[in-house]
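Asker: Here is how the chains run, residue by residue.
2 protein chains.
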Amino acid sequence: MLTRVKSAVANFMGGVVAGGANGDCSGSDLPLKFPYMRPEFLGLTPDEIECSADHIARPILILKETKRLPWATGYAEVINAGKSALNEDQACCEVVVVRKRPGDSTTPSKTPTAKRRSSLPNEEGLGLKENSADSEGLVFHYWALFDGHAGSGAAVVASKLLQHHIVEQLQSVLEVLKNHAVLPPTIFGEKSNHQMTPGIHRATLTRAASLRGATGAPSSPCTPPPQRLFTEKKIQHDSLVMGAMENAFKEMDAQIEKEKQMYNITGGCTALCVVYLLGMLYVGNAGDSRAIIIRDGKVIPMSTEFTPESERQRLQFLGFMQPHLLGGEFTHLEFPRRVQRKEVGKRMLYRDFTMNGWWYRI
Amino acid sequence: MLTRVKSAVANFMGGVVAGGANGDCSGSDLPLKFPYMRPEFLGLTPDEIECSADHIARPILILKETKRLPWATGYAEVINAGKSALNEDQACCEVVVVRKRPGDSTTPSKTPTAKRRSSLPNEEGLGLKENSADSEGLVFHYWALFDGHAGSGAAVVASKLLQHHIVEQLQSVLEVLKNHAVLPPTIFGEKSNHQMTPGIHRATLTRAASLRGATGAPSSPCTPPPQRLFTEKKIQHDSLVMGAMENAFKEMDAQIEKEKQMYNITGGCTALCVVYLLGMLYVGNAGDSRAIIIRDGKVIPMSTEFTPESERQRLQFLGFMQPHLLGGEFTHLEFPRRVQRKEVGKRMLYRDFTMNGWWYRI
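These protein sequence lines map, in sequence, to chains R and F. Under numbering that gives the first Met the number 0, the residue at position 249 of the first sequence is numbered 248, and the numbers go up by one with no gaps. Under numbering that gives the first Met the number 0, the residue at position 32 of the second sequence is numbered 31, and the numbers go up by one with no gaps.
FYI, nobody ran anything at the bench for these hints, they're computed from the structure. Treat the hints loosely; a few may be bogus.
The list makes no distinction among identical chains, and a pair is therefore deemed to hold if it is satisfied within one copy or across any two copies.
Listed next, the in silico DSS-like pairs over lysine-lysine satisfying Cα-Cα at most 30 Å (straight line) [claimed, not checked]: (1) Lys232 with Lys341; (2) Lys233 with Lys341; (3) Lys257 with Lys32; (4) Lys345 with Lys190; (5) Lys233 with Lys345; (6) Lys345 with Lys232; (7) Lys82 with Lys232; (8) Lys99 with Lys249; (9) Lys159 with Lys249; (10) Lys341 with Lys177; (11) Lys259 with Lys82; (12) Lys249 with Lys345; (13) Lys345 with Lys99; (14) Lys82 with Lys233; (15) Lys190 with Lys341; (16) Lys99 with Lys232; (17) Lys345 with Lys177.
Based on the provided sequences and hints, a complete structural model is requested.
Answerer: Structure (structure tokens):
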């Protein structure tokens with residue numbers, strides 16, 4: 000990590016340095032996992048890819064006339080002048096099919112062989128019926144953005160593979176998701192107790208209602224039978240999709256960490272992905288990008304960024320519980336500025352992880 | 000704790016049991032810290048206090064004709080029938096003066112002798128000029144609500160003392176708060192670097208602006224001089240008041256924990272308090288109560304409740320880091336219902352502290 004910081008500082012001080020094929024100066028002898036590229040849906044030629052990294056002209060790249068993305072998704076990019084030799088950000092847009100694993104019964108095998116067909120969205124892709132689920136599988140729309148830091152390697156790998164991880168997770172609950180009539184069973188493979196009755200999961204038994212039941216108030220003919228107070232949460236299908244995406248993020252992260260031993264995968268990246276499946280739009284985010292919908296000229300934010308402020312208390316708490324994770328550079332306390340040696344022992348403004356306000360340390 | 004649960008269950012099963020002076024059956028030989036009461040501003044006679052605990056009539060208590068609370072604050076209470084012998088909730092409303100500690104110079108002594116005058120708000124109290132700060136001190140309006148659980152003891156103590164803790168905290172920064180012209184200094188007692196320029200603390204230097212500065216763009220005569228990129232956070236006066244309230248909550252909690260050794264202080268309580276000081280309204284909350292303002296018939300929520308859902312991930316993380324805190328009753332994983340012995344080893348729905356979705360545990 001320190002090497003990376005030093006290298007970043009050196010690059011900054013010396014201006015833009017011509018990097019290797021992946022735009023980094025890591026000097027690694029390991030092979031690349033994937034070659035450096037721009038988003039596949041831009042359909043750039045190798046020449047155009049080279050031009051895209053021109054720090055003087057800084058061309059704005061948009062979709063070619065012949066290309067379209069689903070839902071009139073907009074796309075434009077330009078290189079961040081003077082910051083890195085190549086554009087470290089990556090993006091992906093696909094229509095993805097989740098198919099049953101071969102030989103998969105109710106209980107999926109523990110060594111899944113993910114079979115997956117994906118296509119660039121085009122007229123054919125757009126022609127797919129929304130919510131479509133053929134006899135075999137499920138289709139989802141997928142958009143993703145990865146903001147690379149200190150190298151493009153992780154962003155390139157994530158833009159190639161995150162959707163595969165989502166497919167692999169969804170495969171294991173394919174039958175549950177396709178069974179609209181009943182809610183996901185609490186025990187996998189067993190019969191679900193709960194019929195899918197839209198809306199009822201949001202209805203809570205008010206205390207007033209339960210008291211009325213308890214006091215045996217006479218019920219009119221149209222009063223429904225008294226509800227049983229369930230002590231079991233009803234989990235909806237959408238919660239499973241969220242769980243699948245959360246697991247896919249973790250798996251992607253673990254894979255990059257592991258494969259850094261075998262491949263030259265530089266830097267890190269944020270991840271923002273949008274999945275449209277079975278009539279619902281899901282947004283997963285880790286980092287400081289934001290998904291938006293523009294409707295009638297108004298911006299509707301669809302995700303919330305991780306910022307030093309929004310993550311402050313969590314990081315300070317982690318620094319309190321596991322100080323070694325902050326590498327000796329920080330404590331679990333925040334000060335308005337770096338504390339100087341001569342100030343140690345004085346009453347200085349600070350806040351800890353339980354605070355939103357500030358106070359003088361005594 | 001277990002004793003308390005057993006006792007609560009016994010009370011519930013056997014109906015309402017007449018409690019001691021504080022409405023609890025703790026059987027403690029320790030003296031009470033404060034006698035059981037209803038909010039002071041209701042001005043109830045001992046007879047009326049007794050009547051207020053009538054579980055059959057359940058009188059709704061409101062302010063007497065001759066009483067008023069500042070800002071047309073509403074108040075109504077009724078006993079929670081059959082739940083506990085006495086109403087465990089408490090409330091307080093005062094106009095409080097924070098005075099300089101005797102002999103206090105810039106650096107407050109480490110053994111503060113809090114001198115404080117408080118009065119029930121009445122015509123005299125209401126007549127106090129808002130934002131008033133005489134030569135000696137500061138005045139604030141104070142409203143607080145404490146929802147007692149498993150006994151009224153903690154709620155009674157907090158309703159009597161929380162405002163004293165706030166005063167004690169504010170005393171130590173009295174001079175800083177009264178000095179409107181400059182922001183609180185980073186080092187206590189030293190000169191502040193920052194003049195108070197309203198609004199500027201919210202202005203951030205955009206990257207575009209910093210780049211313009213860096214490239215030496217010619218500036219027009221009305222362009223302000225290029226801003227220096229401060230690496231020091233400017234802390235506002237309001238952040239200090241927030242810090243004071245946060246510290247007061249912690250001090251109150253610590254005092255109750257400590258004094259439970261010496262006094263019969265039963266149960267626990269939530270704490271919701273509102274402070275109006277120097278033209279700002281501050282709301283501090285711990286628990287599932289909510290402060291609201293009603294304006295033109297519309298409810299404006301002023302605080303957010305702690306609920307099992309809003310606190311879930313924090314508690315699960317704590318259970319992961321320090322499992323003993325969950326007393327062997329819970330793990331850091333959530334399941335839709337209690338797991339039965341025969342289900343151990345099956346793939347069951349769960350979510351951990353990093354998840355919002357659900358997944359099948361393998």
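Asker: Work down the list of hints and note, for each, if the structure agrees.
Answerer: Now for the hints, and whether the structure bears them out:
1. For a Cα distance limit of 30 Å, the shortest separation of Lys232 from Lys341 across copies, 19 Å, qualifies, whereas the shortest one inside one copy, 57 Å, does not.
2. Proximity of Lys233 to Lys341 under the C-alpha cut-off of 30 Å is restricted to the inter-copy arrangement: shortest distance 21 Å between copies versus 59 Å within a copy.
3. Within a single copy, Lys257 and Lys32 get their C-alpha atoms as close as 12 Å, which meets the 30 Å cut-off; across copies the closest is 60 Å, which misses it.
4. When the C-alpha separation of Lys345 and Lys190 is checked against a cutoff of 30 Å, the pair qualifies only between copies, where the shortest distance is 13 Å, while the shortest distance within a copy is 65 Å.
5. For the homomeric pair Lys233 and Lys345, the shortest alpha-carbon distance between copies (18 Å) is at most 30 Å, but the shortest distance inside one copy (55 Å) is not.
6. In this assembly of identical chains, Lys345 and Lys232 lie within 30 Å of each other by CA distance solely across copies; the values are 18 Å between and 52 Å within a copy.
7. In this assembly of identical chains, Lys82 and Lys232 lie within 30 Å of each other by CA distance solely across copies; the values are 26 Å between and 50 Å within a copy.
8. Taking the shortest Cα distances, Lys99 and Lys249 sit within 30 Å of each other inside one copy (22 Å), while across copies they are farther apart (55 Å).
9. Taking the closest pair of Cα atoms, Lys159 and Lys249 come within 30 Å of each other only inside a single copy of the chain (16 Å); across copies the shortest separation is 49 Å, beyond that limit.
10. With identical chains, the CA atoms of Lys341 and Lys177 are at most 30 Å apart between copies only, with a shortest distance of 28 Å across copies and 66 Å within one.
11. For the homomeric pair Lys259 and Lys82, the shortest alpha-carbon distance inside one copy (23 Å) is at most 30 Å, but the shortest distance between copies (60 Å) is not.
12. In this assembly of identical chains, Lys249 and Lys345 lie within 30 Å of each other by CA distance solely across copies; the values are 23 Å between and 43 Å within a copy.
13. Taking identical chains as interchangeable, the C-alpha atoms of Lys345 and Lys99 lie at most 30 Å apart only when they sit on different chains, with a minimum of 22 Å there against 65 Å within one chain.
14. In the homo-oligomer, the alpha carbons of Lys82 and Lys233 lie at most 30 Å apart only across protomers (29 Å), although the nearest pairing inside one protomer, at 49 Å, exceeds that limit.
15. In the homo-oligomer, the alpha carbons of Lys190 and Lys341 lie at most 30 Å apart only across protomers (16 Å), although the nearest pairing inside one protomer, at 69 Å, exceeds that limit.
16. In this assembly of identical chains, Lys99 and Lys232 lie within 30 Å of each other by CA distance solely inside one copy; the values are 28 Å within and 55 Å between copies.
17. Taking CA atoms no more than 30 Å apart as the test, Lys345 paired with Lys177 passes between copies only; the shortest distance there is 22 Å, against 64 Å inside one copy.
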